[in-house]
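Below are the chains, spelled out letter by letter.
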Amino acid sequence: MTQATAHATTAPTTTVQATTAHAQGQQHPIKLYLVVWGWLFILSTCSYLVDYFHLQGYLRWSLILVFMILKAGLIVAVFMHMAWERLTLIYAILLPPVLVLVFVATMVYESDYTLFTRAMFFGTGP
Amino acid sequence: MARPTGWQGFATDWASDQRAFKDVPWGKVMMWIFLLSDTFIFGCFLLSYMTVRMSTTVPWPNPSEVFALRIGGTEIPLILIAIMTFVLISSSGTMAMAVNYGYRRDRAKTAILMLATAAFGATFVCMQAFEWTKLIREGVRPWGNPWGAMQFGSSFFMITGFHGTHVTIGVIFLIVIARKVWRGDFDVERRGFFTSRKGNYEIVEITGLYWHFVDLVWVFIFAFFYLW
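Chains A and B supply the protein sequences, listed in that same order. In terms of my numbering, the first sequence opens at residue 109 and continues consecutively. In terms of my numbering, the second sequence opens at residue 9 and continues consecutively.
Source of the hints: derived by calculation from the structure; they are not laboratory data. Glycine included, C-beta positions come from ideal geometry on N, C-alpha and C. Among the hints, a few may not be true.
[What the hints assert, rightly or not] In silico DMTMM-like cross-links for lysine to aspartate or glutamate, where the CA-CA straight-line distance does not exceed 25 Å:
hint	chain 1	residue 1	chain 2	residue 2
1	B	Lys206	B	Asp195
2	B	Lys206	B	Asp193
3	A	Lys139	B	Asp114
4	B	Lys36	B	Asp25
5	B	Lys36	A	Glu193
6	B	Lys30	A	Glu193
7	B	Lys142	B	Glu73
8	B	Lys117	B	Glu197
9	B	Lys188	B	Glu73
[As the list claims (entries may be wrong)] Selected chain A positions facing chain B (Cβ under 10 Å, derived; list incomplete):
hint	residue
10	Gln134
11	Ile138
12	Gly146
13	Leu148
14	Phe149
15	Tyr160
16	Phe175
17	Lys179
18	Met188
19	Pro205
20	Ser219
21	Asp220
22	Thr222
Please build the complete structure, drawing on both the sequences and the hints.
Spelled out as structure tokens, the structure:
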């Protein structure tokens, strides 16, 4: 009887300990998520206002990119817990997408050429 | 022995004749690597959209006008897309809190927050269906539209369609895991019907990773397709 109760009381605690040990590092106060949530709302409103006020040219593009990068950064760092991961995982996941920028540069060059040939042969300038 | 951190930790982790990703459960690593591959898929979509938009000699339709809604007699630019953005961000907020309560083993709160996330996701998909219907009625097709460059339609349907599919799969994934949490599968270590493995609350975080990724992709689509 005593053995049974002892077993019943110790069993849940050991599992709880096991999980808390496993989940270590990803226990953050709820307030943090609420603050990030708020910031994402603010940043989204800002990027919407860029369109609402019809900003144009480089101002528009740079503001869109800044708000986009800030939002993406907050989501990846806090919501996806990347800020608390080891550097090994961070680099394995975040470095390859950055290299896509090389691909972007190639395609910018390529589409400029396509536009040039279209303008040359169809005579329809942009 | 404490592991070195920073650059030294980076070098020793990769150099060691063991697993490279320490302290990270394999399920989470697998989800991260899947998301990395998904990043390339969406990256290629956005890249091809950039390429066709830059190389067309016909003016690109103005998304601000195309996605405007008439509410109370006034045209409000991009309003539906803005609401969709807020809905998806809210779903990410509830998901982040669900992960937190999952690790605290608070079954009820975790399941409710996951279902709230799924509800936000379903709302998003419904709004997207509305948007598609509206545009198709106005004559947008993958091969043409009334306002300008014909590549607009194909880029739009491809990018938002693929994203919407991801949201839909996410909603199903969330409901499946929320049911398991609610039933207490991870407290009694009940074996899964498909893998026959014992699950634990890490699956909530893994589901969360997928869900936040869907939100993340939307951030890029919103910036490049709708605002640019």
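Verification of the supplied hints:
1. For the given pair, Lys206 (chain B) sits about 10 Å from Asp195 (chain B) by alpha-carbon distance, which is consistent with the 25 Å threshold.
2. Note on Lys206 (chain B) and Asp193 (chain B): the hinted pairing holds, with a Cα-Cα distance of about 8 Å set against a maximum of 25 Å.
3. For the hint linking Lys139 (chain A) to Asp114 (chain B), the alpha-carbon distance of about 17 Å falls within 25 Å, and the restraint holds.
4. With a C-alpha separation of about 21 Å, the suggested pairing of Lys36 (chain B) with Asp25 (chain B) holds against the 25 Å cut-off.
5. Between Lys36 (chain B) and Glu193 (chain A) the CA atoms are separated by roughly 11 Å; this keeps the pair inside 25 Å, and the hint holds.
6. Among the hinted pairs, Lys30 (chain B) with Glu193 (chain A) is consistent with the structure: their alpha-carbon atoms are about 9 Å apart, no more than 25 Å.
7. Distance hint between Lys142 (chain B) and Glu73 (chain B) is fulfilled; the C-alpha atoms sit about 13 Å from each other, no more than 25 Å.
8. A C-alpha spacing of about 19 Å is found between Lys117 (chain B) and Glu197 (chain B), which places the hinted pair at or below 25 Å, so the restraint holds.
9. For the suggested pair Lys188 (chain B) and Glu73 (chain B), the alpha carbons sit about 44 Å apart, so the restraint of at most 25 Å is broken.
10. For Gln134 (chain A), the interface hint holds, since its Cβ comes within 10 Å of a Cβ in chain B; the closest pair sits about 6 Å apart.
11. A least Cβ separation of about 6 Å between Ile138 (chain A) and chain B falls short of the 10 Å threshold, and the interface hint therefore holds.
12. Checking Gly146 (chain A) against chain B: minimum C-beta separation of about 9 Å stays under 10 Å; hint holds.
13. At about 5 Å, the closest approach between the beta carbon of Leu148 (chain A) and any beta carbon in chain B falls short of 10 Å, and the interface hint on this residue holds.
14. Proximity of Phe149 (chain A) to chain B holds as hinted, the smallest CB-CB distance being about 6 Å (cut-off 10 Å).
15. The criterion of a C-beta within 10 Å of any C-beta in chain B is met by Tyr160 (chain A), whose closest approach is roughly 6 Å, and the hint holds.
16. Given the 10 Å rule on beta carbons, the hint for Phe175 (chain A) holds: about 7 Å separates it from the nearest Cβ of chain B.
17. Given the 10 Å rule on beta carbons, the hint for Lys179 (chain A) holds: about 5 Å separates it from the nearest Cβ of chain B.
18. The interface hint given for Met188 (chain A) holds, since its Cβ lies 5 Å from the closest Cβ of chain B, which is under the 10 Å cut-off.
19. For Pro205 (chain A), the suggested interface contact is upheld, since its CB lies about 5 Å from the closest CB of chain B, less than 10 Å.
20. With a cut of 10 Å, the hint placing Ser219 (chain A) at the interface with chain B holds, because the nearest CB-to-CB distance is about 4 Å.
21. The beta carbon of Asp220 (chain A) comes within 7 Å of a beta carbon in chain B, closer than 10 Å, and the hint placing it at the interface holds.
22. At its closest, the beta carbon of Thr222 (chain A) sits 4 Å from a beta carbon of chain B; the interface hint therefore holds under the 10 Å criterion.
In summary, the structure is inconsistent with hint 9 from the numbered list given earlier, while agreeing with all the others.
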